[in-house]
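S.K.: Here is how the chains run, residue by residue.
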Amino acid sequence: MINSRIVARSLTNACSLAVVSAFFAVPALSAPEGTLVVAVNQEPQDLAAQGAYKEINATGLRNVMETLIAVDPQTGGLIPVLATAWERVDGNTLRFTIREGVTFHDGSPMTAEAVATSINWVWSPENAFTIQEYAGPGTITASAIDESTVEVTSDKADPLLEFRMTLGGISSAEQLANSPEKHFDTPVGTGPYKFVEWARGQYWTAAVNDSWWGLEADDAYGTTKPDFAELRFVFRSEDATRAAMVQSGEAQIAMFPSAAECERAGEDEGYSCVTGPSTTYLYGRLDHSLHADPILADPRIREAVFLSLDIEGIAGLYGMASVPQGQLGARGTIGFNDNVGPYEYDPERAMELLSAAEADGHDLSGLSIEVVGRDTTPRIKPIVEAIGAMLGSVGIGSEIRVQTPQEFNPRVRIAGYANEPGRQMMQVHVKQNPSGDYGLLLLSNYACPNIDDPTGPSRSSVYCDPEFDGELSEAMASFGDERDRSMQELVKYVHDRHLIVPLALLDRGYLVKDGIDFVFGTDHRIQAVYVNRSE
Amino acid sequence: MAYLIKRTVNSAIILLLTVSFVFFAGRLIGDPALNMLGPGASDVALENLRRAAGLNDPILIQYFRYILNLLSGDFGISYRYGFSVLPSEKLSEIGQPVIEIVLERLPATFFLAGASMGFAVPLGVIMGVTAAANPRSIADRIVTVMSLAGVSIVQFWLGLMLIVFFAVHLGWLPTGGYGEWWHVILPALTLAARPIGRIAQVTRSAVLEELAKPYIMTARAKGLPPTRVVYLHSLRNAAIPIVTMIGDELSALLTGAILVEKIFAWPGIGLLIIDSLSRSDLPLIQASIIVVAALVVCVNLLVDIAYRLLNPRIRIGKKEA
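Heads up: the sequence lines are chains X and B, in that order. Throughout the first sequence, residue numbering follows my numbering, covering 186 to 720 in sequence. Throughout the second sequence, residue numbering follows my numbering, covering 80 to 400 in sequence.
Don't read these hints as lab results, they were simulated from the structure. It should be emphasised that the depicted structure is a prediction, and the values quoted were computed from it without experimental measurement. Be aware that a few hints might be false.
[Unchecked claim] Partner residues are not named here, just some residues of chain X that face chain B (Cβ under 10 angstroms, in silico):
(1) ASN363
(2) SER364
(3) ALA384
(4) SER433
(5) GLU435
(6) ALA436
(7) TYR678
(8) ASP681
By construction, the Cβ of each residue, glycine as well, lies at the ideal position given by its N, Cα and C atoms.
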């Protein structure tokens, strides 16, 4: 099924490529001037350094607050920022060489001691910042080894320690020592822009940092020379008013327009819609070993369910989304398997499999998949209805339900669904994987859950397979190429067992005023060093 | 004085009922700690929050403590505003008093409500009087249609249409925001549509009734100019229902500003309520609603007093002769 939205999306992707090409072809040379106004969808809860770990926490904070290393929005690889080099000491420890001559916006020098103080503050379990959701297996601490070296240690072996060091911002140690209360609303970092003002309920602003280290460094990220003298992140929770800001010229960039507004941008002059994939998936998880109806243990029936789904059509229904690769991770993720493709849409084969199962004595009149979504998921009703219709078209019965979080959440966790014997449910849900690694995805989605640990990482899994659990345990403890290889094998393993069907890789879009080039990665960060005026 | 005391006691009872409703509603929709932290919260985080917020005590103890705290001006602490921390042992040390947050936002809401009434009262009264002075004329019909449209129009749609027309197409006014006087024009117009309509309808009806009375005929017979008869004599005596309507509409503006503040990103108490709802910040939600309710009660009390001043014949519990 070819959907006009998909065509539109392809066109906008082509435009994005053109935008990126232009970005590389025309480096910014003029002095910073004017204000870059970005209409963002929500006000930050605070502007603390830890908030830099997730863009949605505090959109734009990365312009002020930098990290030791970062994810390159173009390649997805790690790039140096405040650290010029880093190496693994062992499974628990990373050693960073700190960039010399960097000062914080308050004038204090960025020493190894200051970096260690900031890391310890951000990752302190006692402070309990929300970044703890990415804390990993152990407690992270840092110490200065000498004037230019910092060691970051996890008290348990952590293969993803490098990734975690791309998250928390490095904040002025002087501020933390003298006025820690200001840390939450007056960020002092090292970035290309200095924080100026936060008008609650309205906007926050930053001015270009004339003494930014990146102006002189030959390994700085972005364009190395900010184009804009000032940044203004304006809070507008309504999609339509964010779009109106770009249309009226009040803003150059508006975050996350609706699919309709993105489509309209192709018709109107003066601005365009640029989209790119995120790390968020819409997926369907079909009950398996635990407390599932025995009929779902037959691999032919599971395959028939998956083959009956027109995934391209479902992705089109969602709006700004593309067809996923048949796995819950974006290309570039450690463990991403290039040989695993999307599940095919083959209703005839599905019917053949069902006939074969019936011939072997399965009573298919008892097969009725309960397709359930949570009402907080956008466009969930038409999506579960479409899935029900697709199942029906191959002769599989279905019941469609859209439930509130109070009803839905217990049913997708081991403590709740253990009370539902004989279930045939496909939960339709969204999941995000920003970590760049399959470890947590495989653990949380496919490892056997423990009924005695209802809040454990695998609480939502419906799959119990000792062989898989054993291999996953080994893969989780491995590093580098070995980790990538073993994760890829596990991705293929679960794909072939028809446990979870990725339905849509959600795109995120931006309305961008003509004359502006904007580059972003799957983490969708808005960093002014990647935003330029085009020729 | 008896009138004032009775009205004040009534207002206090209404406020107490509102506070009680807000308090128990926050508990009846589920575990407040779970609602605040979300379904993914750990048991430790939930327990820390319950302990810090006193949610482990029996509900009646919590209720009476809440009322006593309110009487001393303590509306509670927000654990979600300004700090993105997980509930920890030291949670109770870092929260911000919610009343400070609410009071910070009140001036913007007052400004918006005032500007809306600044549009609505003169426009509504002029429209109503014009229609009443020229019954069944084209002006009367236009006013009737416009006032009906003002009352019926959906604020969300009107706000967006005003943005599209004045900000996007004409470029005369900003799409939203706060700070300069022109920022208030579009949100105030959006909010004023309904009061303009209602005030025009009531004014038309009240003035029309007055114009049919004998004293107006006398005034006209004396040769007073028609404008003076209509605007001075009849409007003065028609003022009671108009003032009542203005009071009602002012109360409605305070509550109705929520949607308009969201559309135009106006940093008032309405936007604060929406933000606190999205963050499930129960103490802030409660404080915001209670403060808005108190304002509405106060406005109604002032209207009652104005009503009495305009018509001294009004007595509580006594029928007029």
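S.K.: Does X/ALA384 hold up as a contact with chain B if the rule is Cβ-Cβ below 10 angstroms?
M.R.: Hint on X/ALA384: holds, closest Cβ of chain B at ~8 angstroms, below 10 angstroms.
S.K.: Does X/GLU435 meet its interface restraint, that is, does its C-beta lie within less than 10 angstroms of any C-beta in chain B?
M.R.: With Cβ-Cβ at 6 angstroms, under 10 angstroms, it holds.
S.K.: Regarding the hint that X/TYR678 lies at the interface with chain B, is the smallest CB-CB distance below 10 angstroms?
M.R.: 27 angstroms, violated
S.K.: Using the nearest Cβ pair, does X/ALA436 come within less than 10 angstroms of chain B?
M.R.: The hint holds - X/ALA436 has a Cβ within 10 angstroms of chain B, the shortest such distance being about 9 angstroms.
S.K.: Please verify that hint: X/ASN363, Cβ, nearest Cβ of chain B, below 10 angstroms or not.
M.R.: 18 angstroms, violated
S.K.: When the nearest CB of chain B is found for X/SER364, is that gap smaller than 10 angstroms?
M.R.: With a closest approach of 15 angstroms, the X/SER364 hint is violated.
S.K.: Report holds or violated for the interface hint on X/ASP681, using the least CB-CB distance to chain B and a cut-off of 10 angstroms.
M.R.: Violated, because the Cβ-Cβ distance from X/ASP681 to chain B comes to roughly 30 angstroms (cut-off 10 angstroms).
S.K.: Mind checking the CB of X/SER433 against every CB in chain B and telling me if the closest is under 10 angstroms?
M.R.: 5 angstroms, holds
Hint compliance for this structure: hints 1, 2, 7, 8 are not met, and every other hint is.
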